[in-house]
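Enquirer: From first to last, the protein sequence lines stand for chains A and B. Using the working numbering, you'd call the opening residue of the first sequence number 1 and step up by one each time. Using the working numbering, you'd call the opening residue of the second sequence number 176 and step up by one each time.
Keep in mind that the hints were calculated from the coordinates and are not lab data. Possibly wrong hints are sitting among the right ones.
Have a look at the derived ranges for each label pair, beta carbon to beta carbon [as the list claims (entries may be wrong)]: (1) Pro134(A) - Thr248(B): 48 to 56 Å; (2) Thr54(A) - Glu225(B): 46 to 54 Å; (3) Gly92(A) - Thr181(B): 19 to 27 Å; (4) Pro195(B) - Gly92(A): 40 to 48 Å; (5) Ala192(B) - Lys115(A): 49 to 57 Å; (6) Ser110(A) - Ala208(B): 33 to 41 Å; (7) Glu50(A) - Arg221(B): 16 to 24 Å; (8) Ser101(A) - Gly193(B): 48 to 56 Å; (9) Phe241(B) - Ser101(A): 39 to 47 Å; (10) Arg127(A) - Ala208(B): 39 to 47 Å; (11) Leu128(A) - Asp289(B): 52 to 60 Å.
All residues carry an ideal CB built from backbone N, CA and C; glycine is no exception.
There are 2 protein chains.
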Amino acid sequence: MDPGLTRCGVGVVEGVAGRPLTMLGVGVVRTPADADIGHRLVAIERGLEEWLDTHRPELVAVERVFSQHNVRTVMGTAQASAVAMLCAARRGIPVALHTPSEVKAAVTGSGRADKAQVGAMVTRLLRLAAPPRPADAADALALAICHIWRAPAQNRLQRAVAAQHAQNAPKGRTA
Amino acid sequence: MDPGLTRCGVGVVEGVAGRPLTMLGVGVVRTPADADIGHRLVAIERGLEEWLDTHRPELVAVERVFSQHNVRTVMGTAQASAVAMLCAARRGIPVALHTPSEVKAAVTGSGRADKAQVGAMVTRLLRLAAPPRPADAADALALAICHIWRAPAQNRLQRAVAAQHAQNAPKGRTA
Chain A
1 MDPGLTRCGV
11 GVVEGVAGRP
21 LTMLGVGVVR
31 TPADADIGHR
41 LVAIERGLEE
51 WLDTHRPELV
61 AVERVFSQHN
71 VRTVMGTAQA
81 SAVAMLCAAR
91 RGIPVALHTP
101 SEVKAAVTGS
111 GRADKAQVGA
121 MVTRLLRLAA
131 PPRPADAADA
141 LALAICHIWR
151 APAQNRLQRA
161 VAAQHAQNAP
171 KGRTA
Chain B
176 MDPGLTRCGV
186 GVVEGVAGRP
196 LTMLGVGVVR
206 TPADADIGHR
216 LVAIERGLEE
226 WLDTHRPELV
236 AVERVFSQHN
246 VRTVMGTAQA
256 SAVAMLCAAR
266 RGIPVALHTP
276 SEVKAAVTGS
286 GRADKAQVGA
296 MVTRLLRLAA
306 PPRPADAADA
316 LALAICHIWR
326 APAQNRLQRA
336 VAAQHAQNAP
346 KGRTA
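Bound conformation, chain A alone (with noise of 0.2 Å):
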């Protein structure tokens, strides 16, 4: 998940780290800039969690925010954050963080690569027609794509122990 006031990307990908990967859903949770601040947390919350609800992921991968970029976006980035944390962990989901550098590095080998680098990247490894739109939904995938192909073997620990309280549950997924 890419977290954010007015637009919270989220993506859903299935796969294991060396084998493709496929794109179950991507989309964007949206809020009114003009609502209060109270009332958007709520919605973005009523948002994630029709996606926990359609895609029950065994993880959930959030970008770790930094202050040190835009003081206001910054800030309601990290409130959506806490949703979306607090969301998972209320369900019992792991949650990883990755920083923006780390997912840009994963996906498309530089840290700083521009945003229409890590669509096409996207793009290329979910074997899509087009970039997902807008950003953020693409930002989310790449995200996902990240924490599976770094953490391997913590993901199969966290599948291992996922199985002993929900062996029904669908594997592999990071939203």
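Position chain B against the provided structure of chain A, taking the given hints into account.
Expert: This is chain B only, laid out in the frame that chain A set:
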């Protein structure tokens, strides 16, 4: 509420501007620093839900977060405050935000008062035997007092609206 990941101060004050105020409750929701962020947010949500269940406040005032201070602290504060605002808004309780300097100015007359001064005034205004500990708890009470004093017109409007929604809810409480 004075939000934070490690200590989230909660204070419940009943009253209206121009009349003596009454403290109905004060405390702190704590989460272990070594727990992962998702679990900490879930613990904060549970703790705050208990406070809301017990006191059913008509309004929730939350400290407005700025990122001018320590980066790591601010992120945790932004995340904890998101959970506080979410819990209130989900119940249809209006959320008000006040900056730390607005709160200090309201209870001490100076926006740059130190913690001891805020604690002393909270003790006096609520006719307590001693300053509430820790400081986060006193700060939460100061925030509630600030809200009651700063927004009497707004509060009357919100009370009228809230009364339409839930005629049986207790009146005039701010957490």
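Enquirer: Next step is simple, just say for each hint if it's right about the structure.
Expert: Status of the hints after comparison with the structure:
1. Pro134(A) - Thr248(B): 48 to 56 Å: For threonine 248(B) against proline 134(A), whose Cβ atoms are near 32 Å apart, the range 48 to 56 Å is violated.
2. Thr54(A) - Glu225(B): 46 to 54 Å: Violated, at about 31 Å.
3. Gly92(A) - Thr181(B): 19 to 27 Å: 23 Å Cβ-Cβ, so the 19 to 27 Å window holds.
4. Pro195(B) - Gly92(A): 40 to 48 Å: With Cβ atoms ~47 Å apart, the hint holds.
5. Ala192(B) - Lys115(A): 49 to 57 Å: Once the Cβ atoms are compared, 50 Å apart, the range 49 to 57 Å for lysine 115(A) and alanine 192(B) holds.
6. Ser110(A) - Ala208(B): 33 to 41 Å: holds, 35 Å
7. Glu50(A) - Arg221(B): 16 to 24 Å: holds, 23 Å
8. Ser101(A) - Gly193(B): 48 to 56 Å: Given a distance of about 54 Å, which is inside 48 to 56 Å, the answer is holds.
9. Phe241(B) - Ser101(A): 39 to 47 Å: violated, 25 Å
10. Arg127(A) - Ala208(B): 39 to 47 Å: This hint holds: roughly 43 Å between Cβ atoms.
11. Leu128(A) - Asp289(B): 52 to 60 Å: holds, 57 Å
When held up to the earlier numbered hints, the structure conflicts with 1, 2 and 9 and fits the remainder.
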